[in-house]
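Asker: Sequence:
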Amino acid sequence: MTTPGMISIGALAKRSGVQAETIRYYETEGLLRKPERSVGGYRLYGASDVERLSFIRQARDLGFKLDAVRRLLGLADRKVNTCDEVRELAGAHLAEVRTKLADLRRMERVLSDLVHSCAGTTVPECQLLQALAAPRMKAALPTTVRRTSVGPAKNPTSIRGARSRHRIK
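Read in my numbering, the sequence shown has 1144 at position 86, and its numbers run on one by one without any break.
Derived from the structure by calculation, the hints contain no laboratory data.
Every value quoted in this text rests on a predicted model; they were computed, and no experiment measured them.
All C-beta atoms, glycine included, are put in the ideal place defined by N, C-alpha and C.
Every clue listed holds true.
Heads up, simulated DMTMM-like pairs for lysine to aspartate or glutamate below, C-alpha to C-alpha not over 20 Å straight-line: (1) K1123 <-> E1079; (2) K1158 <-> D1119; (3) K1072 <-> E1109; (4) K1123 <-> D1135.
The following label-pair restraints were derived from C-beta to C-beta distances: (5) D1119 <-> S1066: 16 to 26 Å; (6) D1142 <-> F1113: 14 to 24 Å; (7) E1087 <-> C1176: 38 to 48 Å; (8) A1105 <-> H1174: 47 to 57 Å.
With the hints as extra help, turn the sequences into a complete structure.
Answerer: Structure follows, in structure tokens:
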């Protein structure tokens, strides 16, 4: 590889902290352009590719999904738009993040209750294990914890209520 200013996929991966396989995936998904090739067929990347991958990485680190990253890249590439679309997209993502945080706080409360309910007795008498085995335990966990969808838990109940209603004898 002797093309000046160009780097290999390995060097790009090392510089960006993004694995080579992920870089190839971003190319397949159209987030990164198809790279130039060396005489030997190796991918070659320039400074603009490094910058674009940095943008993608930072957006992903903030939790943006690939479709949102694609939209953000499109907005950045056009350079004629106002920030309104960007703000709208980021605002929607912020709302999702806040929902997930609220769900994590609920999960923390449930888990804290479970840990405090464990009195160090024998396994058959362990309140924590009994609560985990209870069918109503699912209702106490936020939706985003039970599966990867976004949104508040449906009919959350307290773990204390779930434990008392579903004791294993």
